[in-house]
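Undergrad: Protein chains in written order, with our numbering: chain A, 1 to 199; chain B, 1 to 199.
Careful, some of the hints might be misleading.
Repeated chains share a single entry, so a pair holds when one copy, or any two copies, can fit it.
Below, a list of computed lysine-lysine pairs in the DSSO-like style, where the Cα atoms sit at most 30 Å apart [as the list claims (entries may be wrong)]:
no., residue 1, residue 2
1, 162, 127
2, 193, 65
3, 91, 8
4, 65, 152
5, 65, 8
6, 60, 198
7, 32, 198
8, 5, 198
9, 152, 99
10, 19, 32
11, 168, 5
12, 127, 193
13, 198, 19
14, 127, 8
15, 32, 127
16, 8, 152
17, 198, 99
Hint data in this document are derived by calculation from the structure and do not stem from the laboratory.
Protein chains: 2
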Amino acid sequence: MIYSKELKEKMAFISEIEKLKIVYRQNGVFDKSRAENSAEHSWHIALMALVFQEHTIFEKLDILKVIKMLLIHDIVEIDAGDTFLYDTQGKDAAIETEKNAALRIFGLLPTPYKEEFISIWLEFEEKTTPEAQYAASIDALQPLLNHLITAKENENPNKLSKSKVLNKKAFIGTVSNDLWLVAQDLVEESVTKGLYEKY
Amino acid sequence: MIYSKELKEKMAFISEIEKLKIVYRQNGVFDKSRAENSAEHSWHIALMALVFQEHTIFEKLDILKVIKMLLIHDIVEIDAGDTFLYDTQGKDAAIETEKNAALRIFGLLPTPYKEEFISIWLEFEEKTTPEAQYAASIDALQPLLNHLITAKENENPNKLSKSKVLNKKAFIGTVSNDLWLVAQDLVEESVTKGLYEKY
Numbered sequence: 001m002i003y004s005k006e007l008k009e010k011m012a013f014i015s016e017i018e019k020l021k022i023v024y025r026q027n028g029v030f031d032k033s034r035a036e037n038s039a040e041h042s043w044h045i046a047l048m049a050l051v052f053q054e055h056t057i058f059e060k061l062d063i064l065k066v067i068k069m070l071l072i073h074d075i076v077e078i079d080a081g082d083t084f085l086y087d088t089q090g091k092d093a094a095i096e097t098e099k100n101a102a103l104r105i106f107g108l109l110p111t112p113y114k115e116e117f118i119s120i121w122l123e124f125e126e127k128t129t130p131e132a133q134y135a136a137s138i139d140a141l142q143p144l145l146n147h148l149i150t151a152k153e154n155e156n157p158n159k160l161s162k163s164k165v166l167n168k169k170a171f172i173g174t175v176s177n178d179l180w181l182v183a184q185d186l187v188e189e190s191v192t193k194g195l196y197e198k199y
Numbered sequence: 001m002i003y004s005k006e007l008k009e010k011m012a013f014i015s016e017i018e019k020l021k022i023v024y025r026q027n028g029v030f031d032k033s034r035a036e037n038s039a040e041h042s043w044h045i046a047l048m049a050l051v052f053q054e055h056t057i058f059e060k061l062d063i064l065k066v067i068k069m070l071l072i073h074d075i076v077e078i079d080a081g082d083t084f085l086y087d088t089q090g091k092d093a094a095i096e097t098e099k100n101a102a103l104r105i106f107g108l109l110p111t112p113y114k115e116e117f118i119s120i121w122l123e124f125e126e127k128t129t130p131e132a133q134y135a136a137s138i139d140a141l142q143p144l145l146n147h148l149i150t151a152k153e154n155e156n157p158n159k160l161s162k163s164k165v166l167n168k169k170a171f172i173g174t175v176s177n178d179l180w181l182v183a184q185d186l187v188e189e190s191v192t193k194g195l196y197e198k199y
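Using the sequences plus the hints, can you model the full thing?
TA: Written out as structure tokens, the structure is:
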């Protein structure tokens with residue numbers, strides 16, 4: 001059967017991103033049977049962005065753009081893998097790999113999606129627009145909740161402390177007072193559960 | 001720490017939907033290590049809906065609504081489980097359970113999200129609007145691709161035939177000529193791989 005080059009390119013992209021479902025993250029899932037993956041994480045944050053959209057400092061947000069951003073922002077991990085937030089060296093090393101991955105994977109798409117997705121991905125990475133800042137704050141909030149729900153009591157394999165975690169997440173407060181309250185509350189609950197050192 | 005009732009309700013919903021990541025479907029993932037779950041499936045179809053939006057018979061589509069629909073449509077499976085498409089009895093039995101699940105889970109949210117999500121979920125189920133019909137066609141197309149990519153050669157445990165599959169998917173042709181061509185092509189490739197009987 002023959003169909004257009006444009007459709008074939010879209011199918012190549014849609015087939016390629018199947019692989020994001022086997023890129024695993026540090027946190028787990030509800031029954032502790034396996035690690036969370038970047039595809040389901042992306043689904044979770046897209047829904048969070050929808051319901052928290054009125055809790056930011058911004059007067060106007062293009063919520064469709066935020067959702068697109070969150071749905072595609074981790075696709076580069078198909079080539080680059082997931083880097084643990086607190087692994088600073090790993091984060092630096094990943095920058096070039098992730099950029100090449102964006103060009104390769106979004107480059108599978110025809111125009112205008114190729115250009116749009118590369119541009120939205122870069123916007124997310126640069127974090128200068130309201131949409132990118134809001135998306136980043138949601139992307140930073142979700143792991144706090146997910147970790148609290150799915151981690152076993154008193155498990156802190158990376159010896160994370162409350163102050164280290166709050167320091168990494170503090171930018172949420174520049175985007176949303178409400179979400180920063182939620183973040184601090186999740187960290188407190190996690191300390192109580194023994195997931196972070198108290199100081 | 002104290003924050004508003006509205007935020008607490010939103011967090012209750014966001015925590016509850018964590019469980020969709022452990023609702024497993026019939027198909028697998030790329031490395032065949034486990035079954036696909038409904039959260040990552042929802043992520044996949046949201047992105048498909050984005051890039052295929054100009055391939056329908058409809059002049060205008062509210063793509064944000066389509067994406068919301070696809071992100072939330074399977075959340076009811078947290079209570080009802082995933083029902084295999086070809087299990088007709090199971091599908092009928094699930095209707096009431098799924099409706100109650102929608103009321104319970106979307107009901108965790110404050111106004112206006114509670115009403116909006118219940119209404120969008122019902123719209124998807126009723127399939128009378130362009131958005132719901134397009135969303136349903138994408139939801140039906142993805143498993144064909146996913147199955148072709150992730151299934152082992154010559155595995156057809158449910159003795160599915162090409163005609164049975166095409167029959168279940170034929171409504172895609174009423175929404176999009178292009179996507180129906182793609183669907184038929186995926187089925188042909190799957191027959192070649194031994195995943196469906198030829199007749």
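Undergrad: Taking each numbered hint in turn, which are not upheld by the structure, reported in ascending numerical order?
TA: As far as the earlier hints go, 2, 3, 4, 6, 9, 12, 15 and 17 are violated by this structure, in ascending order.
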